[in-house]
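S.K.: Residue-level listing of the chains:
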Amino acid sequence: MEFFKRLLFLPPVASAHGSGLDDLLVYVHLLMAALFVGWLAFFVFAVVKHTRGNNPKADYHGARSHFSTYAEIGVAAIEGLLLLGFAVPLWAKAVDKFPEEKDALVIQIMGQQFAWNAHYAGPDGKWGKQDFQFASATNPFGLDANDPAAKDDVTCLREKFLLPVNKEVICKISSMDVIHCFKLTQMRVTQDALPGMSIPVHFKPTKVGDYIITCAQLCGNLHSTMRGDFKVVEQPEFDKWFAEKAKAGGGGSFE
Amino acid sequence: MEIPYTVKPRPDTGLYNAKVGIWLFLASEVMLFGALFSSYILLRVGALDGFWPDVATAWPHGLLNIPIGTFNTAVLIISSVTVVMAWAALKAGNFAKFQKFMMVTLVCALGFLCIKSYEYNEKFTHYVIRLKDGTAVTGHLDIDGHSPRFWTLDTVTAKKLASVKVHVDVPNQFRYPVGMKRPEVAHEGGAHAEHAAREIKTSDITFLQAFVPATGTFFAIYFTMTFLHGLHVLGGALVLGYFTFFGKKMWETDPERLTNRIEVGGLFWHFVDLVWIFLFPVMYLL
Amino acid sequence: MSDSSHSHAAAHGHDADHGHDLESHKKIYWAVGTALLVGTVVTVLARYWEFNSVSLTIAVALFIASIKSFLVAGYFMHLLSEKKTIYLMLGTTVAFFIGMIALIMWSDSDLPRGSKAKTHYVP
Amino acid sequence: MHTATTHAPSHGHAHGGAHDHHEPGFWSKYIFSTDHKMIGIQYGITSLIFLFFGFLLMLAMRQQLAYPGKALPIVGQFLAKTLGDDMAKDGVMQADLYNAFGAMHGTIMVFLAIVPLAFGAFGNYVTPLQIGAPDMAFPRLNMASYHLYFWGGAVMLASFFIPGGAAKSGWTSYSPLATLADRDHLVNGQTLWLIGMVLLITSSLLGAVNFITTIIQLRAKGMTWMRLPFFVWAQFVTGFLLLLAFPPLEAAGLMQLADNVLKTSFFLPTGLVTNAGPVPVSGGGSPLLWQYLFWFLAHPEVYVLILPAMGVVSEIIANNTRKPLWGYKSMVYAALGIGFLAFIVWAHHMYLTGMGTKISTFFQTTTMMISIPSVIILTALFISLWGGSIRFNTPMLFALAFLPMFGIGGLTGLPLGFNASDIYLHDSYYVIGHFHYVVAPGTIFGLFAGVYFWYPKATGRYMSEILGKIHFAGSFLCMNLIFAPMFVQGLKGMSRRMYDGGSTYFGNGVDPAILDLNKTITHSAILLGLFQIPFIVNFFLSLWNGKKVESDNPWQATTLDWQTPTPPPHGNFATEPVVYRGPYEYSVPGASKDFIQQGQPG
Ligand code: HEA
Ligand code: HEA
Ligand code: CUA
Ligand SMILES: [Cu+2]
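Protein chains in written order, with the numbering used here: chain G, 26 to 280; chain W, 5 to 290; chain H, 848 to 970; chain S, 109 to 710.
Hints should not be assumed to be uniformly reliable.
Said to hold, decoys possible - Quick list of the computed label-pair ranges, beta carbon to beta carbon:
| id | chain 1 | residue 1 | chain 2 | residue 2 | range |
| --- | --- | --- | --- | --- | --- |
| 1 | G | His91 | S | Tyr138 | 31 to 37 Å |
| 2 | S | Gly133 | W | Thr257 | 24 to 30 Å |
| 3 | H | Val889 | W | Ile72 | 17 to 23 Å |
| 4 | S | Ala266 | G | Asn171 | 50 to 56 Å |
As the list claims (entries may be wrong) - Lysine-lysine pairs mimicking DSBU-like chemistry, simulated, CA-CA at most 30 Å apart:
| id | chain 1 | residue 1 | chain 2 | residue 2 |
| --- | --- | --- | --- | --- |
| 5 | H | Lys873 | W | Lys12 |
| 6 | H | Lys963 | G | Lys118 |
| 7 | G | Lys82 | S | Lys437 |
| 8 | W | Lys12 | H | Lys874 |
| 9 | W | Lys169 | W | Lys136 |
| 10 | G | Lys185 | H | Lys963 |
| 11 | G | Lys272 | G | Lys118 |
| 12 | S | Lys329 | H | Lys931 |
| 13 | S | Lys371 | W | Lys205 |
| 14 | G | Lys30 | G | Lys118 |
| 15 | W | Lys252 | H | Lys931 |
| 16 | G | Lys192 | H | Lys963 |
| 17 | S | Lys656 | S | Lys137 |
| 18 | G | Lys122 | G | Lys151 |
| 19 | G | Lys192 | S | Lys466 |
| 20 | G | Lys122 | H | Lys963 |
| 21 | W | Lys120 | W | Lys169 |
| 22 | G | Lys265 | G | Lys151 |
| 23 | H | Lys963 | W | Lys12 |
| 24 | W | Lys104 | H | Lys873 |
| 25 | G | Lys118 | S | Lys466 |
| 26 | H | Lys930 | S | Lys437 |
| 27 | W | Lys104 | W | Lys12 |
| 28 | G | Lys256 | H | Lys963 |
| 29 | S | Lys371 | W | Lys127 |
| 30 | H | Lys963 | G | Lys176 |
| 31 | S | Lys137 | W | Lys253 |
| 32 | G | Lys30 | G | Lys82 |
| 33 | S | Lys437 | H | Lys931 |
| 34 | G | Lys30 | G | Lys256 |
| 35 | W | Lys163 | W | Lys127 |
| 36 | S | Lys371 | H | Lys963 |
| 37 | G | Lys265 | G | Lys229 |
| 38 | G | Lys176 | W | Lys136 |
| 39 | G | Lys151 | G | Lys127 |
| 40 | S | Lys137 | G | Lys82 |
By construction, these hints were calculated from the structure, which means they are not laboratory data. All values derive from a computational prediction rather than experimental measurement. Glycine included, every Cβ here is placed at the ideal spot set by N, Cα and C.
Using the sequences and the accompanying hints, generate a full structural model.
M.R.: Okay, here's the thing in structure tokens:
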């Protein structure tokens with residue numbers, strides 16, 4: 026399996042669910058390769074064997090075998106297998122089987138031309154009041170600075186944020202202006218960030234390290250430079266960072 | 005070789021070319037209006053649960069004039085009957101009668117468009133005004149006795165008006181969908197303040213706009229769909245009018261061709277009627 | 848039929864268009880027209896009946912509209928006596944029409960668990 | 109024949125009957141012609157020019173991808189002068205220009221090059237000939253289609269030169285970006301894009317009505333449905349795709365136009381705030397609504413791009429294997445199946461907009477189902493080779509190459525079709541590789557094959573085989589060198605629509621090797637351009653220099669198009685053709701020749 030994954034040039038996985046996804050990629054590509062090689066072999070053979078020189082008189086009826094019908098049924102069957110055995114369950118796990126919010130770290134992600142921002146509820150676990158009336162280039166989450174619950178909220182605007190390793194993270198993805206796409210290559214996570222909607226994704230980082238969020242949806246002239254940085258760290262390091270951040274003024278950290 | 009079946013039907017399909025063509029065209033029109041109706045549903049379902057009179061962000065109910073809409077529906081229905089009668093007259097070989105029926109159709113078409121324009125004008129002079137205290141009113145402005153079109157807050161400030169007089173609508177004349185809470189309406193005078201005139205200070209106004217497409221998604225889809233429909237009425241009327249007034253020559257040389265033309269034109273006309281049959285309840289009643 | 852020099856128009860028409868047939872058709876057209884007007888009035892009245900549910904109001908209005916459109920298409924557009932080719936064409940169209948509306952509605956309502964439509968500022 | 113004897117349905121009358129001369133002058137012969145062959149040629153020339161133009165746009169972009177931030181050679185200064193500093197400061201392509209070129213490359217290739225070439229040109233020229241008709245059912249409508257197409261294209265081109273430049277939100281024009289991108293210009297590139305699209309859509313709709321009517325009504329005596337050449341079937345299904353899928357985009361286009369010009373909020377949700385502050389609109393709209401309507405068109409549209417090419421390839425394969433197509437009937441049913449399923453798979457472009465399990469399962473099931481008819485058609489074509497007596501002329505080489513190329517493109521659609529694997533591949537260069545394999549070495553090769561194949565019918569002269577084979581070999585090699593590396597880039601995680609070629613993301617698990625691949629691809633693209641020179645030379649030179657055809661049927665083909673005089677006169681057939689047999693009666697056992705024409709009695 027690892028061999029095939031390397032053959033497919035897939036970058037190493039850094040999340041719990043990622044390898045399942047890669048498995049599916051490998052299986053599909055094996056099916057494709059089998060079909061491609063099979064058909065190509067037949068094709069080359071047929072063309073070489075039936076040139077004008079080799080076969081001056083064409084055969085009106087041509088091939089008489091029913092092999093192709095079986096091959097077509099076979100393709101359909103394998104596709105069905107991959108569909109029901111892999112794709113659907115993987116998807117269901119991704120969009121339906123969310124961990125309990127209390128067992129997970131919940132953050133809000135806001136796309137903005139041209140940056141990614143993160144928002145944690147803070148030590149009190151309560152989100153500050155948000156409304157678009159307050160939103161601006163420097164306050165993408167629209168936090169109400171006067172709301173007590175917002176005081177300890179942690180917002181990382183255009184700056185690196187941290188995630189603890191081996192803990193489920195739920196990201197609620199949204200955008201304040203145009204459509205962006207929240208893509209974590211190594212985590213195998215992709216979700217469009219749509220203005221007017223908040224869509225959750227979840228994953229469990231399994232490798233400590235520095236990562237980036239790319240934007241995979243055309244969002245304007247600086248689309249290609251739109252990136253967010255985050256770091257996956259051990260839990261203690263995360264806790265320390267988080268406490269400091271929260272103390273530093275939380276909801277006031279914008280501006 | 006000549007192109008066959010321009011007039012006579014092809015034996016195995018039983019149709020002449022133009023008839024196949026028009027039905028195909030109508031099929032594409034079905035998809036066109038289908039997409040617009042889908043958009044209507046989607047926008048409506050997705051509308052915020054606001055309430056009247058904040059018609060700008062919520063889905064306003066009952067803002068259109070039902071009696072007029074009903075009358076216009078009847079006008080279109082009658083025109084459909086006369087079109088089919090005109091065609092029947094041609095089939096019976098009576099060109100004069102055809103012209104008479106067609107004339108009625110054209111009058112109906114013109115009537116429909118005039119009434120529609122009147123309604124549009126009515127909307128363009130009808131305003132929604134939001135105030136600093138968070139309330140909102142709708143009504144007609146009263147600037148020297150008439151309500152201007154297309155004003156915005158910018159217009160008012162540009163004209164340096166210190167205040168504007170508004171004939172405020174009575175909210176009770178609008179119907180709320182069942183189950184929706186009726187708002188506490190913030191305007192003086194209570195239920196009897198029918199079209200109470202009210203002087204509003206410009207400095208109190210945060211937003212002022214006529215009922216134009218930009219005012220809200222309801223108006224956006226309302227104007228788009230009815231305008232597109234109106235264009236169809238206009239196009240159909242032009243074609244039918246052409247045959248009514250200039251069809252005599254074709255009638256003398258090739259009556260069957262003219263009959264076919266009218267059938268085809270009629271099919272289009274009925275389709276336009278059919279679209280309205282759905283537009284009317286969807287826009288005015290629901 | 849009075850204009851004898853042009854009566855061949857009728858004779859060459861398709862279907863069975865004998866004068867007598869035409870007369871009965873005309874009666875049908877007037878009847879359908881009347882039915883349409885009545886339907887319109889009923890729809891408008893139904894709106895003031897205040898059914899106790901929104902969906903019922905909508906259902907009634909759309910039901911009447913469907914009947915009316917059936918009348919228009921069936922009689923005025925003589926769909927009821929049309930040819931197979933047209934039925935095939937329109938059948939396909941109607942299928943895609945319904946499919947489009949249904950799939951768009953379905954797509955828009957089936958969201959991942961926990962998604963919030965309509966607003967992006969509430970986590 | 110008087111054009112006045114035919115009329116468009118109800119709408120066509122605006123175009124008057126002015127062009128009814130007996131001695132056609134220049135204008136009525138070349139510009140306002142109502143003859144399907146001339147219209148086909150008009151479509152053909154115009155769309156080939158657009159194809160080339162679309163390619164040039166892409167060359168400039170590829171140059172930027174390979175050498176980000178360096179001035180463009182040759183055209184750099186010119187662009188700086190004509191389009192201004194915002195677009196090409198000092199000859200360096202700016203991000204806005206990259207996005208504008210990208211959007212216009214997609215739009216031009218799809219709507220102004222391939223569709224008009226496949227449907228407008230080949231469909232117009234060949235379909236009436238193959239069914240034994242004197243012309244299209246509505247010749248003046250046909251002319252109107254071409255003129256709408258022309259003006260649609262003109263509007264698109266004009267948009268490069270207005271302030272703010274052409275549309276730059278991708279060929280998909282997703283709202284809100286498409287509405288917000290250029291809001292300070294009242295008439296901006298996006299507005300013109302939408303107006304152009306409305307013209308193009310209307311043109312295609314009229315064309316579709318015309319084609320379908322023609323095929324239903326004007327088939328010659330004896331030309332039953334199951335005797336239609338596969339090419340005609342492909343055009344027929346294509347016609348239906350255009351007829352029913354385009355109107356929703358027309359509706360969506362009008363709504364986006366309203367959003368841009370009238371400041372409505374069809375696709376703008378409540379609470380939009382850009383860096384410049386709150387967007388002054390009412391809100392309440394839905395950005396996804398645009399995508400639903402767009403993809404409702406755009407997925408069927410991709411089959412519009414491929415079906416005619418499949419039709420062309422089928423004709424050429426039958427002709428040059430000298431045997432009937434294997435499984436003709438199942439191919440026809442498969443084409444109908446594709447046509448039907450094409451309407452219910454569109455949301456596979458939207459898996460990552462936040463779809464639930466139920467709906468995405470539905471759409472991936474249909475997506476897998478639609479791959480089956482494609483497999484059936486391809487398989488039938490492969491098996492058709494078996495037992496043939498194959499002639500390797502230029503059209504046949506292109507047709508043969510079409511098969512594995514479409515195979516690669518189609519097969520790479522499968523991992524995109526599974527929503528779970530699409531999570532990884534979405535919007536990466538893998539997608540770019542996927543569809544270019546289908547449309548570039550796929551469709552374009554199919555259409556090149558068609559040009560070489562029908563050129564003798566249209567002009568009475570062959571194109572040069574030597575130049576043709578150079579063109580083929582070079583194009584085949586370069587196409588693969590261009591598009592195969594894109595799969596690698598995609599699998600390594602490179603996103604599409606990256607102005608800087610992905611360099612912002614390097615060093616973060618993204619393998620820098622993709623930078624080198626960018627260079628490989630670009631160099632191959634330049635080479636590909638050079639290999640088109642033999643084609644262009646061949647195309648024009650053969651008009652005068654080409655070898656003259658010996659008969660009206662130079663390829664010894666069976667279908668009716670080869671039974672007309674060369675080139676076919678107005679009205680096409682001297683006498684009304686009658687059809688006696690199926691379309692591919694090659695090498696019939698016991699027959700004296702190795703082909704029997706459809707219109708040959710007995
Ligand atoms: C002509 C154009 C064309 C065609 C025919 C197809 C065909 C298919 N496409 Fe593709 N597609 C596009 C054009 C096309 N596509 C475009 C333009 C986009 C991107 C749009 C954008 O975002 O800008 C796209 C994007 C796209 C996506 C979205 C990806 C994303 O954005 O994340 C998906 C997902 O399901 C998809 C799937 C498929 C599938 C399953 C098929 C199937 O129909 C394929 C079926 C075919 C086969 C299965 C091959 C069968 C042949 C053999 C088995 C023989 C093999 C022989 C040899 C190898 C010798 N396509
Ligand atoms: C039918 C569709 C089609 C076709 C044929 C092509 C053809 C090509 N495309 Fe394109 N492409 C798209 C549709 C198409 N493309 C779309 C929809 C996009 C997405 C846009 C978006 O992001 O919104 C895209 C995006 C796209 C990208 C990605 C850009 C990005 O994401 O940043 C790239 C990158 O290399 C690319 C390259 C090419 C190349 C090298 C060709 C080559 O194959 C071109 C080959 C053509 C020729 C070599 C010209 C031949 C012409 C002649 C010989 C003329 C003869 C003339 C006369 C006789 C008069 N295309
Ligand atoms: Cu944000 Cu691209
Ligand atoms: Cu698709």
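S.K.: Indicate, hint by hint, whether the structure satisfies it.
M.R.: Tested hints:
1. G:His91 x S:Tyr138: 31 to 37 Å: Once the Cβ atoms are compared, 53 Å apart, the range 31 to 37 Å for Tyr138 of chain S and His91 of chain G is violated.
2. S:Gly133 x W:Thr257: 24 to 30 Å: Holds: the Cβ-Cβ distance is about 27 Å, inside 24 to 30 Å.
3. H:Val889 x W:Ile72: 17 to 23 Å: Holds, since Val889 of chain H and Ile72 of chain W (Cβ atoms, about 18 Å apart) stay within the stated range.
4. S:Ala266 x G:Asn171: 50 to 56 Å: At 52 Å between Cβs, range holds.
5. H:Lys873 x W:Lys12: holds, 24 Å
6. H:Lys963 x G:Lys118: Distance ~19 Å between Lys963 of chain H and Lys118 of chain G Cα, so the pair holds.
7. G:Lys82 x S:Lys437: Roughly 24 Å between the alpha carbons, so the hint for Lys82 of chain G and Lys437 of chain S holds.
8. W:Lys12 x H:Lys874: holds, 27 Å
9. W:Lys169 x W:Lys136: Roughly 17 Å separates the two Cα atoms, so the pair holds.
10. G:Lys185 x H:Lys963: holds, 26 Å
11. G:Lys272 x G:Lys118: This hinted pair is violated, its Cα atoms lying about 36 Å apart.
12. S:Lys329 x H:Lys931: holds, 20 Å
13. S:Lys371 x W:Lys205: holds, 27 Å
14. G:Lys30 x G:Lys118: holds, 22 Å
15. W:Lys252 x H:Lys931: The given pair, whose Cα atoms are some 33 Å apart, is violated under the 30 Å limit.
16. G:Lys192 x H:Lys963: Cα-Cα ~24 Å, so holds.
17. S:Lys656 x S:Lys137: holds, 24 Å
18. G:Lys122 x G:Lys151: holds, 23 Å
19. G:Lys192 x S:Lys466: holds, 28 Å
20. G:Lys122 x H:Lys963: holds, 17 Å
21. W:Lys120 x W:Lys169: Answer holds: Lys120 of chain W to Lys169 of chain W is near 27 Å, not above 30 Å.
22. G:Lys265 x G:Lys151: holds, 19 Å
23. H:Lys963 x W:Lys12: violated, 60 Å
24. W:Lys104 x H:Lys873: With Cα atoms ~15 Å apart, Lys104 of chain W and Lys873 of chain H stay inside 30 Å; holds.
25. G:Lys118 x S:Lys466: holds, 13 Å
26. H:Lys930 x S:Lys437: holds, 25 Å
27. W:Lys104 x W:Lys12: holds, 27 Å
28. G:Lys256 x H:Lys963: holds, 27 Å
29. S:Lys371 x W:Lys127: At roughly 17 Å apart (the allowed maximum being 30 Å), Lys127 of chain W and Lys371 of chain S satisfy the hint.
30. H:Lys963 x G:Lys176: Distance ~24 Å between Lys963 of chain H and Lys176 of chain G Cα, so the pair holds.
31. S:Lys137 x W:Lys253: holds, 28 Å
32. G:Lys30 x G:Lys82: Measuring from Cα to Cα gives roughly 48 Å; hence the hint is violated.
33. S:Lys437 x H:Lys931: holds, 22 Å
34. G:Lys30 x G:Lys256: holds, 25 Å
35. W:Lys163 x W:Lys127: Within the cut-off at roughly 22 Å; holds.
36. S:Lys371 x H:Lys963: Holds. Lys371 of chain S to Lys963 of chain H sits at ~26 Å (cutoff 30 Å).
37. G:Lys265 x G:Lys229: holds, 20 Å
38. G:Lys176 x W:Lys136: Within the cut-off at roughly 28 Å; holds.
39. G:Lys151 x G:Lys127: OK: Lys151 of chain G and Lys127 of chain G at ~12 Å, within 30 Å.
40. S:Lys137 x G:Lys82: violated, 45 Å
Violated hints, listed in ascending order, are 1, 11, 15, 23, 32, 40; each of the other numbered hints is respected by the structure.
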